[in-house]
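**Q** Below, each chain spelled out in residue letters.
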Amino acid sequence: MHPVVFNPTLEEVLNFVGTFVFAVSGSLLAVRKSYDIVGMAVLAVITAIGGGVIRDLVIGAVPPAAFQDVSYLWIPLLATILTFFAHVEINRLRAAMLIFDAAGLAVFCVSGTAKALNYGLGPGAAIALGTLTAVGGGIMRDVLAHDEPAIFLPHSELYALPAVVGSVIVVFIPRLPLNNSIAAGLTAVFVFVLRLLALRFGWKAPRPWRTTRQEESDES
Amino acid sequence: MHPVVFNPTLEEVLNFVGTFVFAVSGSLLAVRKSYDIVGMAVLAVITAIGGGVIRDLVIGAVPPAAFQDVSYLWIPLLATILTFFAHVEINRLRAAMLIFDAAGLAVFCVSGTAKALNYGLGPGAAIALGTLTAVGGGIMRDVLAHDEPAIFLPHSELYALPAVVGSVIVVFIPRLPLNNSIAAGLTAVFVFVLRLLALRFGWKAPRPWRTTRQEESDES
Amino acid sequence: MHPVVFNPTLEEVLNFVGTFVFAVSGSLLAVRKSYDIVGMAVLAVITAIGGGVIRDLVIGAVPPAAFQDVSYLWIPLLATILTFFAHVEINRLRAAMLIFDAAGLAVFCVSGTAKALNYGLGPGAAIALGTLTAVGGGIMRDVLAHDEPAIFLPHSELYALPAVVGSVIVVFIPRLPLNNSIAAGLTAVFVFVLRLLALRFGWKAPRPWRTTRQEESDES
Numbered sequence: 001m002h003p004v005v006f007n008p009t010l011e012e013v014l015n016f017v018g019t020f021v022f023a024v025s026g027s028l029l030a031v032r033k034s035y036d037i038v039g040m041a042v043l044a045v046i047t048a049i050g051g052g053v054i055r056d057l058v059i060g061a062v063p064p065a066a067f068q069d070v071s072y073l074w075i076p077l078l079a080t081i082l083t084f085f086a087h088v089e090i091n092r093l094r095a096a097m098l099i100f101d102a103a104g105l106a107v108f109c110v111s112g113t114a115k116a117l118n119y120g121l122g123p124g125a126a127i128a129l130g131t132l133t134a135v136g137g138g139i140m141r142d143v144l145a146h147d148e149p150a151i152f153l154p155h156s157e158l159y160a161l162p163a164v165v166g167s168v169i170v171v172f173i174p175r176l177p178l179n180n181s182i183a184a185g186l187t188a189v190f191v192f193v194l195r196l197l198a199l200r201f202g203w204k205a206p207r208p209w210r211t212t213r214q215e216e217s218d219e220s
Numbered sequence: 001m002h003p004v005v006f007n008p009t010l011e012e013v014l015n016f017v018g019t020f021v022f023a024v025s026g027s028l029l030a031v032r033k034s035y036d037i038v039g040m041a042v043l044a045v046i047t048a049i050g051g052g053v054i055r056d057l058v059i060g061a062v063p064p065a066a067f068q069d070v071s072y073l074w075i076p077l078l079a080t081i082l083t084f085f086a087h088v089e090i091n092r093l094r095a096a097m098l099i100f101d102a103a104g105l106a107v108f109c110v111s112g113t114a115k116a117l118n119y120g121l122g123p124g125a126a127i128a129l130g131t132l133t134a135v136g137g138g139i140m141r142d143v144l145a146h147d148e149p150a151i152f153l154p155h156s157e158l159y160a161l162p163a164v165v166g167s168v169i170v171v172f173i174p175r176l177p178l179n180n181s182i183a184a185g186l187t188a189v190f191v192f193v194l195r196l197l198a199l200r201f202g203w204k205a206p207r208p209w210r211t212t213r214q215e216e217s218d219e220s
Numbered sequence: 001m002h003p004v005v006f007n008p009t010l011e012e013v014l015n016f017v018g019t020f021v022f023a024v025s026g027s028l029l030a031v032r033k034s035y036d037i038v039g040m041a042v043l044a045v046i047t048a049i050g051g052g053v054i055r056d057l058v059i060g061a062v063p064p065a066a067f068q069d070v071s072y073l074w075i076p077l078l079a080t081i082l083t084f085f086a087h088v089e090i091n092r093l094r095a096a097m098l099i100f101d102a103a104g105l106a107v108f109c110v111s112g113t114a115k116a117l118n119y120g121l122g123p124g125a126a127i128a129l130g131t132l133t134a135v136g137g138g139i140m141r142d143v144l145a146h147d148e149p150a151i152f153l154p155h156s157e158l159y160a161l162p163a164v165v166g167s168v169i170v171v172f173i174p175r176l177p178l179n180n181s182i183a184a185g186l187t188a189v190f191v192f193v194l195r196l197l198a199l200r201f202g203w204k205a206p207r208p209w210r211t212t213r214q215e216e217s218d219e220s
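Chains as they are written, first to last, in the working numbering: chain S, 1 to 220; chain G, 1 to 220; chain H, 1 to 220.
Simulated from the structure, these hints should not be mistaken for laboratory data.
These figures come from a predicted structure and were not determined experimentally.
Watch out, some of these pointers could steer you wrong.
Copies of the same chain look alike in the list, so a pair counts if it works inside one copy or between any two.
What the hints assert, rightly or not - EDC-like cross-link-like pairs, simulated, lysine to aspartate or glutamate; straight-line CA separation at most 16 Å:
id, residue 1, residue 2
1, K33, D147
2, K33, E148
3, K204, E157
Let the hints inform the model, and build the full structure from the sequences given.
**A** Structure below.
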């Protein structure tokens, strides 16, 4: 559908992986909050499709993709059922989950930016919408579950910024002397690695000037 | 407007009843939170029209019905004024409110699913949107009022699941050997009764496996 | 674009001022919450464009203005960077901020109502959407930052009601024996002054009957 795209089959597979992992993160949060299966299903669906649905409403792709391909509803429901029975085991797989989640982040920011460009939006808007596709569902998950959005918190490792970087790169892909699919694939890999490096080395986004300094002097 | 519909006049009346009762629940929550009349009006409007507006944006019915028929704005404002003066009395009518609310739930899930089908969405999407029409406003009410969404909480009686059941039935109505209006009406009655039975007998949605078990063993 | 408009250049300048001040209020809240720069940027963008984006989705102006003119994304990012370094100083300018914010409120309710009318919405819907344009971003800011919406709280001075008044007046402008631009400008000035008077004299929206009375008797 959009020209800037990596291998379509691979993109679809990665999109489904991202959808599934985002959905699991939604239903796991519901388990931690002691919600019932309705809360698990709602949070799974919202986390998985929330960002993409808002992107599609903004660019005028109506009905949004998540309401045209029923996989985007079935996958979160399967994730809910799996989490319902196996949340104890899934919680033990936290490291694996973070890796899959990084893959979802990477593929969503690339495909979201590409779709926005394809619908005629300018580069600035496309970067904003690519980032929104990647992080919007997680923000909606946290807001619905009455938590502070995880990506705002200063102790969280870089999450949105790798998506911004990936979205910016996608905007320049058509000017690169590279096959578009390959360039998009490499961009996603770059975002994925960036996120894993941030997790591994504890890279964090900067906090406002002097708040930090003041706290540091408080500590000393 | 949509073919799968019960008696149009009756549907309209029930839609207005649902809108009114949902609006009252929004402004009552504002009273409990000690908000002023602005908070009461915003929560009344959001609860009453929130689910339907998102459904209409998703299916491409723009402007949404709530912005075309001004009744959908006047009714929440009337509910706000009534609640402003009579919240003490309305709070005493909690049982009656729950019955009217069940009627709103029933009619919104049926008419929401029917409208989505009529706009060409597939059965899975229509079920999701029918349920969203019925429960979306209440979730938005709770989020705006800084509460956990009531329908997620494990001590709440079945609310979303009767709406899901009703939406699933509506998808099959065109295949039934029954007049569509009558079938839709019966579906709404079924959802209504299901919700009242859940209230009467304390039926609850299942909680994740082993969370429950663990707590039970904790208690013993 | 819309006929009921004050001087286009002045309207654009005021829109940019409003966008900037709303964005600063978003990133300042992020600072108070100890969020990192991602939280600051997200809250800045949401506060600045949130109300207008929902208005545009509802009236069918897709992509929303904020995604067509990249200034609406750059301005919040500039506000974020400024707040990042100068939040201490900006916090000291609270009085000036409130005055600029009142200007944003005034211009957003007038231009929002005018745009809705121009897209063919009825007077009731246009008033609701004009008010939403003015106050929607602030509500979304507070919800995302895990706060109760400031405009609901009973100790807050009139904020939404001046916007409602302004939106109502705009609906009547075409019937007034006045140049439309001048009438719209006067309306915005009126809303601006109303908000400043509310701040100066502590005018508050009424609270539900008997809640207030009861508390007063509690205090005595």
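**Q** Confirm or reject each hint.
**A** Each hint, compared with the structure:
{"no.": "1", "hint": "K33 x D147", "in the structure": "both (10 Å within a copy, 13 Å between copies)"}
{"no.": "2", "hint": "K33 x E148", "in the structure": "both (13 Å within a copy, 10 Å between copies)"}
{"no.": "3", "hint": "K204 x E157", "in the structure": "within (5 Å within a copy, 38 Å between copies)"}
Every hint from the earlier list agrees with this structure, and none is contradicted.
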